[in-house]
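*Asks:* Chains A and B, in that order, give the protein sequences.
With this note's numbering, letter number 53 in the first sequence gets 84, and the count goes up by one each step, no holes.
With this note's numbering, letter number 17 in the second sequence gets 548, and the count goes up by one each step, no holes.
Honestly, the hints are just simulated from the structure, not real lab data.
Think of the CB as a built atom: it goes at the ideal place given N, C-alpha and C, for glycine as much as any other residue.
There's no promise every hint is true.
[Stated by the list, open to error] On the chain B side, residues computed to face chain A include the following (Cβ under 7 Å): (1) 574; (2) 575; (3) 577; (4) 640; (5) 642.
[Said to hold, decoys possible] Under the rule of at most 25 Å between Cα atoms (straight-line distance), these lysine-lysine pairs were calculated in the BS3-like manner: (6) B:551 - B:586; (7) B:586 - A:132; (8) A:53 - B:572; (9) B:572 - A:68; (10) A:73 - B:586.
[What the hints assert, rightly or not] With beta-carbon atoms standing in for the labels, derived distance ranges: (11) A:98 - B:551: 42 to 50 Å; (12) B:533 - A:112: 22 to 30 Å; (13) B:543 - A:49: 42 to 50 Å; (14) B:603 - A:102: 23 to 31 Å; (15) B:576 - A:49: 27 to 35 Å; (16) B:597 - A:89: 41 to 49 Å; (17) A:88 - B:645: 27 to 35 Å; (18) B:597 - A:45: 44 to 52 Å; (19) B:549 - A:45: 48 to 56 Å; (20) B:645 - A:51: 49 to 57 Å; (21) A:126 - B:533: 13 to 21 Å; (22) B:558 - A:72: 18 to 26 Å; (23) A:139 - B:572: 14 to 22 Å.
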Amino acid sequence: GENVEQHPSTLSVQEGDSAVIKCTYSDSASNYFPWYKQELGKRPQLIIDIRSNVGEKKDQRIAVTLNKTAKHFSLHITETQPEDSAVYFCAAGYSTLTFGKGTMLLVSP
Amino acid sequence: GAVVSQHPSWVICKSGTSVKIECRSLDFQATTMFWYRQFPKQSLMLMATSNEGSKATYEQGVEKDKFLINHASLTLSTLTVTSAHPEDSSFYICSASPRQSGTLNEQFFGPGTRLTVL
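Construct the complete structure from the given sequences, taking the supplied hints into account.
*Replies:* Encoded structure:
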């Protein structure tokens, strides 16, 4: 089955800095790679996703890159704000999703 | 749009009893729903895939007879935890996907159900 590794497990940045979270996957059949943001006690919310036929996707301050050859994908958040503080999960899959262990992002004012 | 509800939001039960959790897609039809389990400060672990009108597909290590899944309509899936024990205490989250052409689309998550078994 699919195995997704996510790093780092925690990330602390100053407001305005950029944050990068990286994930690797093992199954070359995976073709869908979403990123979810989960605030404490709340449901995961999709923030951006990318499919295997695209190498990069951007939505305002958030971008995701995918390297199919190396089987890794990354989330980039620019100009971080305190409200970006949350746990971020990457996931990969074809018919089902396998989630990474999550990254706790803390943005300090 | 794309709202998924889950009921109840929390439940406390005695050991040995059964608990039913409902997952509903409110404004779209979900041919596929997924059930996850999340331990504190941990990731989402897929338990099973629920397909409307057919048997659920369980992940390895998940007991079918303990976690009964029924997907009776395109907007409702239920998870019943049978003969619950304290180790079943967890946060259960469902998601729904308007799957198209066999490819995986965005999953919309419910708010989760906190189960505590005494």
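*Asks:* Which hints, by number, does the structure contradict?
*Replies:* 7, 10, 14, 20
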